[in-house]
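Protein chains: 4
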Amino acid sequence: MQTNNQGVQVGIVGGTGYTGVELLRTLANHPSAHVKMITSRSEKGVSVADMYPNLRGIYDLQFSVPDIDALKTCDVVFFATPHGVAMSMALELIEAGVKVIDLAADFRIEDLAVWEQWYGMTHSGAALMPKVAYGLPEYYRERIQKASIIANPGCYPTSILLGILPLLKAGLVEKNSIIADGKSGVSGAGKGANVAMLAAEMSESFKAYGVNGHRHQPEMAEKMVDITGESVDLTFVPHLVPMVRGMESTIYVTLKENTSQEVIQRLYEEAYASEPFVDVMPAGSVPETRMVKGSNMCRMAIYRPAGGSKVVITSVIDNLVKGAAGQAVQNMNILFGLDERLGLNQVALLP
Amino acid sequence: MQTNNQGVQVGIVGGTGYTGVELLRTLANHPSAHVKMITSRSEKGVSVADMYPNLRGIYDLQFSVPDIDALKTCDVVFFATPHGVAMSMALELIEAGVKVIDLAADFRIEDLAVWEQWYGMTHSGAALMPKVAYGLPEYYRERIQKASIIANPGCYPTSILLGILPLLKAGLVEKNSIIADGKSGVSGAGKGANVAMLAAEMSESFKAYGVNGHRHQPEMAEKMVDITGESVDLTFVPHLVPMVRGMESTIYVTLKENTSQEVIQRLYEEAYASEPFVDVMPAGSVPETRMVKGSNMCRMAIYRPAGGSKVVITSVIDNLVKGAAGQAVQNMNILFGLDERLGLNQVALLP
Amino acid sequence: MQTNNQGVQVGIVGGTGYTGVELLRTLANHPSAHVKMITSRSEKGVSVADMYPNLRGIYDLQFSVPDIDALKTCDVVFFATPHGVAMSMALELIEAGVKVIDLAADFRIEDLAVWEQWYGMTHSGAALMPKVAYGLPEYYRERIQKASIIANPGCYPTSILLGILPLLKAGLVEKNSIIADGKSGVSGAGKGANVAMLAAEMSESFKAYGVNGHRHQPEMAEKMVDITGESVDLTFVPHLVPMVRGMESTIYVTLKENTSQEVIQRLYEEAYASEPFVDVMPAGSVPETRMVKGSNMCRMAIYRPAGGSKVVITSVIDNLVKGAAGQAVQNMNILFGLDERLGLNQVALLP
Amino acid sequence: MQTNNQGVQVGIVGGTGYTGVELLRTLANHPSAHVKMITSRSEKGVSVADMYPNLRGIYDLQFSVPDIDALKTCDVVFFATPHGVAMSMALELIEAGVKVIDLAADFRIEDLAVWEQWYGMTHSGAALMPKVAYGLPEYYRERIQKASIIANPGCYPTSILLGILPLLKAGLVEKNSIIADGKSGVSGAGKGANVAMLAAEMSESFKAYGVNGHRHQPEMAEKMVDITGESVDLTFVPHLVPMVRGMESTIYVTLKENTSQEVIQRLYEEAYASEPFVDVMPAGSVPETRMVKGSNMCRMAIYRPAGGSKVVITSVIDNLVKGAAGQAVQNMNILFGLDERLGLNQVALLP
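Chains as they are written, first to last, in this note's numbering: chain U, 20 to 370; chain F, 20 to 370; chain X, 20 to 370; chain Z, 20 to 370.
Next up, chain U with everything else stripped away, as it sits in the complex:
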């Protein structure tokens, strides 16, 4: 059972999907947080341990109907909901002093016109945007500390931004020709009943998808511009890998001028030297998604093939941890002034 009921009081809205169970898994061993309530309209009264038997004996908690007054008794509310839900409840919560961490996309893109185009709905939370921080701690930690609402980044943006930003910030590469080739395990598609995600359909097969446009492209492009102050041209193609968890991104950029592999390697090592959840592997290493499975780490390696003008970065995360629930807990730790690593000490499951 959760070993304490002290510390940060946590509410989770919409916890029946994979990010919900992953939040519960992560918070189960958090020494300074307590999951007080978890809501699901459809699963009202169901024990979380019945829906997720890996939690049998860990949580004695039932799904409840979402109730704004009950949620106001929490210190922080995570939204593991479809897009559009968090923006409808966030104002009332933050006015009550409750922090909001949205694992959906409601607050990820500052340009709401762009957001509305990609998500196909009206954005009702314009007034909230000044209180939002983009929850990529490695680049927005100070803003996160002061924010009321955290836009937890998408999984692809997490792996790709972490991989490319040191080079972009350093001004070493052409910004008009960035290629990011992303690959995700199937848990990224969520738990909805979907023929295309049946094991019989996607096992033992590999494919690209969303080649003509994916919602994570404008999210990444906006943050690249925000951080570097310059325009970028980013081509992004996601792919589906026949595995449950894990995400790998291979990023191709062109050097402006000759910069040695050693200089670039050092640039990355220094950029992330004090980051607990980014591991720049030694030159020549090969990041594999299993090296981060179940953990909050991002591991990456940097190459300059054949000493040419291209730099290639490969970056791996667990899409459900650093790409979702783990990063959300990292953001919670920052919001409440806790050690950023609390609850996030899981060692990756290898093999």
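Derived by calculation from the structure, the hints in this document are not laboratory data.
Keep in mind that a hint or two might mislead.
For identical chains, the list gives no copy identity; a pair is met inside one copy or between any two copies.
Said to hold, decoys possible - Each computed SDA-like pair below joins lysine to any residue, with the alpha-carbon atoms no more than 20 angstroms apart:
no., residue 1, residue 2
1, Lys-91, Gly-116
2, Lys-63, Val-214
3, Lys-150, Arg-160
4, Lys-210, Gly-356
5, Lys-55, Asp-88
6, Lys-210, Ser-51
7, Lys-194, Gly-26
8, Lys-165, Glu-114
9, Lys-91, Asn-195
10, Lys-194, Leu-274
11, Lys-150, Gln-164
12, Lys-150, Gly-116
13, Lys-91, Asn-213
14, Lys-275, Ser-196
15, Lys-91, Arg-285
16, Lys-210, Thr-247
Place chains F, X and Z on chain U using the hints.
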């Protein structure tokens, strides 16, 4: 990094295989144990984090050549070695007051003639056998507390003995016709280069193996006799599942007389009521291996199909955790009078 | 493209699922059959090659609304439909001289009271039953030749009946204690949107299911009685394997008296000596599901572990081929007096 | 059994690996070819059906010691050997009038200095190069017809060259910035015992490899130059997918000037209109590797994301068929004036 160097001082002999890395993963978060040394003749000087990149940033430890004097400075030595190694070093260690936990098979079978027949080598440790306990805590906890050497059980025996012993002990079933149909993920075959275990060979395929005889059969049969005091006839067929981790056993027994499903269910629930790592699921549940992936739990369900004379038990474990390294740490905790659950609080990784 | 439009004119009702596409794959290279129409109410007008891109360039055929008059212009109609559909259309078809091959369960169980109990609907086809043959050619070939309707067997019954019937017919084993432990790839669950069959749910996991009762148990039990003339007690537990195709059954029986492995091996080899699609492997072989992937073969091996009283048979098929569409085509060949092997010469895809 | 012993008499040298068994699978149903001998020094006398049980009942053939005089009695000899073997035997064979098809890399790169650098051995076949054709029929069919030796292309080159050459030949894209991101199933790594290719190592994980340089890069670059007459700058990164068969390549190029998606789509459709084994899917389609599993097809789709300057091509093949043995048989058909499609009518296995 390992957060303390206090507590039980641990040595690991032969840590390059899957049980070795799993010991390191489990002990990384153990609050009262410290891995002091890990040995491998072939990998001398290699950092464990280079061999197992999931441990990067967790351990600052190199493989060293096994040295008995150095090992004597430990409180406990785990052997994650091929069969035959532990028996050659155990005497000297226990005479120095060091506890030995063998994850190989050296001490699993008391009848050494049987052992020699199945393992194809001479057993040199007859004198040690009185100091050995079979490390299945749910049935041998008191012996474990007093032992110097722990024979950590095989993975199939763990899942099958836990599944069948309540019925056998209660004398409710025929002992002359027990069928155990076991299924294991491929990590059970170890990390040796073996064509049959290539992904291209065993992915997307399923097979039985060892049908004419498997070493875990005499191990199980002996413990069944030991615990019930009566002879048994056990047929055991293992199978290979195209997945990395996980083991499921489906056990078929015949009732001596009409006993209701409810009575049997209650028998199991009572048998394991105080066991932290055995979960008797409610009637009608379906244990899946993913419900225990990466955790030390054994989950099981009991059925009486069509109300007939057969009882079916299905039991799942993670073969590398409750079936190997996790159970070894549980045994260590017992040996040193620690809370049996220390270091073993990982929630199963689902999905 | 289908290379001829001569030969047996084939209609397929309900061809959008996995047995439908598998029928199309199998018939694509059949030298004496031509798929004339394929129906699906929901997919009317859709090209089969759009739904199943592996058929691009092979078939120039659209799904049409099922029309009984059109179907009567065929020589044979395959039903790849939910249970209950074939029985509603079969009478009119066979009266028009059209042969019916049902890949669903409508005609598999002669005892309609049992059928209704397991399938939860009223059986409207009692009058048809005398014209039905159970489509397991190795045991019912003569009846198939004369039948109007073929009840294509379930996948588990195909693999288990082929595996056990030589021993049962020979009277060598106890009939009151048969255990069949079956394992199926996920394509057996069909193409319906079903959360439990998502890749994220069932990949890298293994479980039993239907332990308290599965529809294939009464089907098998009835045929065992039919063929041996004696009652049987069959316990059957199916399991789900994280792979797309393939089925393995491990069958446990008890010898009445000492019969040598050699005698049993010879019994099997003789039983299937002239069968084109049953392969009794040499003693000591290990059937793997990949040895039959995509082919109509059933391969099996027979063991007598430790020379004891138990005989173990392991039997593998591709659940979609010999367990469904391939066997259906084999039955079609028999019905029309063709070489039974026509269209069924695919070599299993290994690796 | 092979149904005829007429037609082209085939010898296979080194048939114990995956391309060997795939040649046997493909040729089993070839109406105008007969496998006369297959050699393996290490497996001398072993039945191919014992090594590859999917071939039980299909071939009655044993591995023999390679004997040049025996091989001279064949019409064609396939080399499914390690690099370096074919070049040592080819001269004597072609002088005897025997055609040679090398599935290894001996003759793939015309620039032998480059070859020696990448393959780490001396090339002894310079005199043979004038008689070699690169066996990509879609671009070298006329040369193949006249050649004595066929250099069967690598798997990545097949999928990438087919995907990019229409655009390159048309001169529509920048040649100095081509990115090819390739992904291969594990069978591409062959059947050697290799820890990194164990199922326990690579299942449920994804990684790049060979980022700093892969042998298929110079092969592709040379053919791009050969066909377009201009220099190219190609960055190629291969990845390993946790599946057995299949290869997907995502290719990124930059348009020189605005060219509409429709024009590019038409260009591809026309380029391959008469090719039996290249399928340009309709705009908006998503090629998946399972759409070609077990078949000789290459399927591709062309995109212009967000109407920008980049064109993305995704191309899928079965690495063992169109990427190896199937293409080799296609080349054999061309060499002997047969219908190019003979023996290659397998429909992809989906699901």
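Verification of the hints:
| no. | hint | in the structure |
| --- | --- | --- |
| 1 | Lys-91 <-> Gly-116 | within (8 angstroms within a copy, 57 angstroms between copies) |
| 2 | Lys-63 <-> Val-214 | between (26 angstroms within a copy, 19 angstroms between copies) |
| 3 | Lys-150 <-> Arg-160 | within (14 angstroms within a copy, 56 angstroms between copies) |
| 4 | Lys-210 <-> Gly-356 | neither (33 angstroms within a copy, 43 angstroms between copies) |
| 5 | Lys-55 <-> Asp-88 | within (13 angstroms within a copy, 52 angstroms between copies) |
| 6 | Lys-210 <-> Ser-51 | neither (29 angstroms within a copy, 39 angstroms between copies) |
| 7 | Lys-194 <-> Gly-26 | neither (44 angstroms within a copy, 53 angstroms between copies) |
| 8 | Lys-165 <-> Glu-114 | within (15 angstroms within a copy, 60 angstroms between copies) |
| 9 | Lys-91 <-> Asn-195 | neither (46 angstroms within a copy, 58 angstroms between copies) |
| 10 | Lys-194 <-> Leu-274 | both (10 angstroms within a copy, 17 angstroms between copies) |
| 11 | Lys-150 <-> Gln-164 | within (11 angstroms within a copy, 57 angstroms between copies) |
| 12 | Lys-150 <-> Gly-116 | within (12 angstroms within a copy, 61 angstroms between copies) |
| 13 | Lys-91 <-> Asn-213 | neither (35 angstroms within a copy, 36 angstroms between copies) |
| 14 | Lys-275 <-> Ser-196 | both (11 angstroms within a copy, 14 angstroms between copies) |
| 15 | Lys-91 <-> Arg-285 | neither (46 angstroms within a copy, 42 angstroms between copies) |
| 16 | Lys-210 <-> Thr-247 | neither (36 angstroms within a copy, 46 angstroms between copies) |
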